[in-house]
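Chains C, L, Y and Z supply the protein sequences, listed in that same order. By the count of my numbering, the first sequence reaches residue 341 at its end, each step adding exactly one. By the count of my numbering, the second sequence reaches residue 341 at its end, each step adding exactly one. By the count of my numbering, the third sequence reaches residue 341 at its end, each step adding exactly one. By the count of my numbering, the fourth sequence reaches residue 341 at its end, each step adding exactly one.
No wet-lab data here; the hints were simulated from the structure. Backbone N, C-alpha and C fix where the C-beta goes; we use that ideal spot for every residue, glycine too. There could be a bad hint or two in this list.
[To be verified] Computed spacing ranges between beta-carbons, pair by pair: (1) Z:Gly-323 x Y:Tyr-247: 46 to 52 Å; (2) C:Lys-14 x Y:Tyr-247: 47 to 53 Å; (3) L:Gly-161 x C:Lys-14: 27 to 33 Å; (4) C:Pro-175 x L:Asp-60: 39 to 45 Å; (5) L:Asp-60 x Y:Ala-340: 35 to 41 Å.
[Said to hold, decoys possible] Mimicking SDA-like on lysine to any residue, the simulated pairs with C-alpha atoms at most 25 Å apart in a straight line are: (6) Z:Lys-201 x Y:Tyr-140; (7) Z:Lys-327 x L:Tyr-339; (8) Y:Lys-121 x Y:Arg-77; (9) Y:Lys-201 x Y:Thr-160; (10) L:Lys-204 x C:Val-35; (11) Z:Lys-37 x C:Ser-172.
Protein chains: 4
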Amino acid sequence: MVVILKRDPDKAQVESLMHWLESKGIDVHTTVGKNQTILGLVGDTIHLDIDLIKALDIVEAVRRVQEPYKNANRKFHPQDTVVKVGNTQVGGGNLTLIAGPCSVESEEQIVEIAKAVKASGATMLRGGAFKPRTSPYSFQGMRAEGIRLLGIAKEITGLPIVTEVMDISQLPLFENVDVIQVGARNMQNFELLKELGKMKKPVLLKRGLSATYEEWLMSAEYIMAGGNEDIILCERGIRTFETYTRNTLDVAAIPVLKNLSHLPIIIDPSHSAGRSALVEPLSCAAVAAGADGLIIEVHNDPPHALCDGPQSIRPEVFEGLTKKMAIIADTVKKVYAK
Amino acid sequence: MVVILKRDPDKAQVESLMHWLESKGIDVHTTVGKNQTILGLVGDTIHLDIDLIKALDIVEAVRRVQEPYKNANRKFHPQDTVVKVGNTQVGGGNLTLIAGPCSVESEEQIVEIAKAVKASGATMLRGGAFKPRTSPYSFQGMRAEGIRLLGIAKEITGLPIVTEVMDISQLPLFENVDVIQVGARNMQNFELLKELGKMKKPVLLKRGLSATYEEWLMSAEYIMAGGNEDIILCERGIRTFETYTRNTLDVAAIPVLKNLSHLPIIIDPSHSAGRSALVEPLSCAAVAAGADGLIIEVHNDPPHALCDGPQSIRPEVFEGLTKKMAIIADTVKKVYAK
Amino acid sequence: MVVILKRDPDKAQVESLMHWLESKGIDVHTTVGKNQTILGLVGDTIHLDIDLIKALDIVEAVRRVQEPYKNANRKFHPQDTVVKVGNTQVGGGNLTLIAGPCSVESEEQIVEIAKAVKASGATMLRGGAFKPRTSPYSFQGMRAEGIRLLGIAKEITGLPIVTEVMDISQLPLFENVDVIQVGARNMQNFELLKELGKMKKPVLLKRGLSATYEEWLMSAEYIMAGGNEDIILCERGIRTFETYTRNTLDVAAIPVLKNLSHLPIIIDPSHSAGRSALVEPLSCAAVAAGADGLIIEVHNDPPHALCDGPQSIRPEVFEGLTKKMAIIADTVKKVYAK
Amino acid sequence: MVVILKRDPDKAQVESLMHWLESKGIDVHTTVGKNQTILGLVGDTIHLDIDLIKALDIVEAVRRVQEPYKNANRKFHPQDTVVKVGNTQVGGGNLTLIAGPCSVESEEQIVEIAKAVKASGATMLRGGAFKPRTSPYSFQGMRAEGIRLLGIAKEITGLPIVTEVMDISQLPLFENVDVIQVGARNMQNFELLKELGKMKKPVLLKRGLSATYEEWLMSAEYIMAGGNEDIILCERGIRTFETYTRNTLDVAAIPVLKNLSHLPIIIDPSHSAGRSALVEPLSCAAVAAGADGLIIEVHNDPPHALCDGPQSIRPEVFEGLTKKMAIIADTVKKVYAK
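For reference, chain C alone in the conformation it holds in the complex:
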């Protein structure tokens, strides 16, 4: 951490800051310039409250030099984390394809789609039971019943299931769920993150609509600090000034996060674009850029889906997609085993 002092700072205050820092086990190196003085802080600065220092009268600015996350940091954990889900592995050179409908609508629907996507090469089933909808008047999901139906589809197809939690109180219903999804709007629901940290179940952590890489990794850190290290990051598009697409897929997040962290990262091309015609090109881009997997909305009857219709693709389109993914995976040396 680097602390830049204002011109002619009060000497007593500077000394008091130095003592406080040293009491926290931090070494301070001072660089005196004509217009300002720079303090170089060396040691374990992760627990220093940067805002406290910024608030001092003598301080002009504080710049972090070290990342504020530790468990999620590749520097302290150079090997890729591989998250085991049922018989599949996410990360570590594997390509994982997760597919399924936006919402679970009925037993027939979810079982039929589960069979179809399994046959096409999906290795995990997604499906919304609790649905975060912008409008209180839109369909809110089948909730507990939706999770029960996902369980039936899992039993029939053997596909592990991933579904979204929206509140701590729903967690008891997730016993049979293989991967708990945290949606973009809950990425900084810190109470929920802490609760997930106590569980022994993989978490698929979506990036918030306007979350920086660092904030995203800090949310992973919340879960990891609690003891749960099985986290799959998921980029799903960020909010920008462009409104033609629902969100803007930040494809650079893949190599950047792989560099900053050891956690696997997958892409949601369906929500990124909000348009079914863009699912394939964005999937190609993501896998080519090194993504560990994709989570794709597939519906047997998109125009009648109860939500998110415009971005779902049909099973037959998904099948064509998996074939293309297999080829690109090969190019970038990923293992894609149905």
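Model the placement of chains L, Y and Z on the given structure of chain C, informed by the hints.
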């Protein structure tokens, strides 16, 4: 709602769409042009799922014409909503000044600040008990104990209290709280919003970091649809490309929201800027633009505050501020009664 | 175009609007609802000034239904435009790799790099002569002399050259230049665009830092309206709230623009990321998503480059990249002929 | 400037960097930590090319500590700059109201509006002759003839005139113009800025749509580095994810820029919002926050204006506005002398 069909749409599908719309009680008016056909939908389109229509093969685009919110819409509720809190009123031509520390730290601290801000002209006390912090290693608030201490300050000063809830499970602790705050990161925590809709307590609903006006009002609509109409909107800065300030205060939100909705709107100049030197100019701007109030972080000892130090101002600065606000309030015909 | 009228509009004003529209050759279809009246405008609305209509007292909102560009619109020009540059072709199923240094620094430097990138598979040479720099104190390019040196490199290697123009007055120097580049900061320098419309030389039009797809295509339309149809679009990253990367590559721009327009689109992975380590993954993503080409900064000695060092890659890295691109191009059925 | 080195950097390269820095007259102070080494650079770092240092293999990151602008920096020029225009002064505690139509349309129109806004209290006349329009099919302004007509209005009313330049080649026409406006889209037209630096005429420099404070001041620095110090900054709204308003007025820019720089700053409430109903509240906000002036679009017949109609107000509305501004100016201790 306006539905734009693709060129040469399948006639059977168009008819099927028309029938479906008519079955929902919607009148459809068709405009046929050389390059496209436009359907004008007239009736109560609020309950139509726009995504379902967008998903149809024959549809190129759908444009809303009517706002998707009803309870929060000024068109259906022309009079200003006035929210009563203790002896004060928020909205309806009043200027409300809410002040207090970022976090409750001790009984002495909160009581002392409460007395100071009351003396300077605050009519409500703020103070964080549950603190949403980006890092799991930062101070997380005094939680239940913090709410208890706020209660003591309320008893001593008579000031109603406003404090933030972070999870449904915390709500039972809020019995003695006068206004429940929903933070920016929870603006789309829909389960929490539904729960607040069932309560009989005013809610201070902060705008999400990257929430549009419409999404913000839809979150208000979630609460109102449950029966709780006492909502105070709070603009606290949005996320933009500019990083010099913590957020960018969207001052236009004041007149825009006043036009779209009948709900009162206040401004948080402390979080908008993240710099104490900007609190006064932004407060002046907000009141001049017609804000119904301000919520300001005031600390008796900013450099030692346990969080958000850089943006807190001292009680004596707050006192000068209230005097300036009184003059500007007068100019824009607001009533500011300490 | 759809015009939404306010509730209870003045009848005389509505009629006057209708007459005006009809005088412009527009057919108007009216849909009367309880809360609003919608006018469906059919005909050639491209020349209607949307702002004039919005300004009327009786109008609540105006929604475009048709794109405001015609020459650049795929609807009116279904075949891909193929831009011929020397012996190469940009678009139409070809993959074009343009490479070279950020700035031309000396004859030795540009000739050496030109030879190296040609040997590795580049089919065009880039190099900055006029350099748009944020700071007046940074190196501003070799200017006319830089263009002369590019000409020497072209003569020796046979590679066509692309370089940026910053002002109309520089155009006479571009006679020997094969593709004139318009930088992101000049995308809406309308006077320059008009001038380029009169030329008979391909233009590489970079997307502005915060330009929407529509604005970008409108800038292409400016050039095309003047008679020059040889435009290559170039996505180079947009400005978002994320500051870890220099810009955010909007990879979805590739399939979206291919759908909206017939113009070829290439990607600049160097400026998108601003980090050399990200050039390869972003190049892979771009080609996999269907880009017609890449424009990459390659430097023989990055740490001593006079500008944009952090994002340049070395010739040997570029060579590895071209091999990977050839494989991905094959997967997505592009022809990459060195 | 602070340079953060990678873990275990090559010693020879570190030494070579140190020598190079010292050869530039920079003092280097080294802080060695367990995980990284920090170099504190002291001296005149404005001319150091930050990108060159970032590009080195041994460097992890570089953080600026000092602002990269000097002439525009309040640290080196503590007194407010006051720009003299005709008999009025911009900055230094004065409130300047500039008003006029979006476009000059005819002699009658510009003279009539000029008289009206003068009578209401404007001290300068604005009017577009060269118009930057997104569409090549929209009205492009009266150009040279527009400037001539502005001159007539100036002669009749005595109001100094401000109008926009779009290209260097137009500058000879600006002899009789009092303030040359650089539009948002040209804020980084560096060749134009350099040309303006050589002139002896005040420049009104609008902030780019997505320009940071620093980039904006760097553009001012371009002009000032050429010798022209009479710059008036103008905030006109930035581009964000919110599309309800045309742009988002960043009202915090006023106190921030006043702190970073000594240049006067005015606000354009018309373009910020793009809606005439928002002009008054945003004007109030701007003056209350300390703006040195306003530039407002006023039209005698908004619905027939040839461009930007929705945001223009009528002269009688402008008159009411000036009265309100006079009161707020008084509150914040600005001198508003018609």
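Holds or violated: Z:Lys-327 to L:Tyr-339, with C-alpha atoms at most 25 Å apart: holds, 19 Å
Pairwise hint evaluation, Y:Tyr-140 against Z:Lys-201, where the allowed Cα distance is 25 Å at most: Holds, because 16 Å separates the two Cα atoms, which is no more than 25 Å.
Proposed proximity, C:Ser-172 with Z:Lys-37 (alpha carbon, max 25 Å): Since the Cα atoms of Z:Lys-37 and C:Ser-172 sit roughly 44 Å apart, the hinted pair is violated (cutoff 25 Å).
Cβ separation of L:Asp-60 and Y:Ala-340, checked against the hinted range 35 to 41 Å: Given range 35 to 41 Å: holds, Cβ gap about 38 Å.
C:Pro-175 paired with L:Asp-60, Cβ distance criterion 39 to 45 Å: With a Cβ separation near 41 Å, C:Pro-175 and L:Asp-60 satisfy 39 to 45 Å, so the hint holds.
Verdict for Z:Gly-323, Y:Tyr-247 (Cβ pair) under range 46 to 52 Å: holds, 48 Å
Pairwise hint evaluation, Y:Arg-77 against Y:Lys-121, where the allowed Cα distance is 25 Å at most: violated, 33 Å
Cβ distance range 27 to 33 Å for L:Gly-161 and C:Lys-14, holds or violated: violated, 44 Å
Given pair status - Y:Thr-160, Y:Lys-201, alpha carbons within 25 Å: Violated, at roughly 29 Å.
Beta-carbon spacing of C:Lys-14 to Y:Tyr-247 - inside the hinted bounds 47 to 53 Å or not: Since the Cβ atoms of C:Lys-14 and Y:Tyr-247 sit about 37 Å apart, the hinted range of 47 to 53 Å is violated.
Holds or violated: L:Lys-204 to C:Val-35, with C-alpha atoms at most 25 Å apart: violated, 55 Å
Of the numbered hints listed earlier, those contradicted by the structure are 2, 3, 8, 9, 10 and 11.
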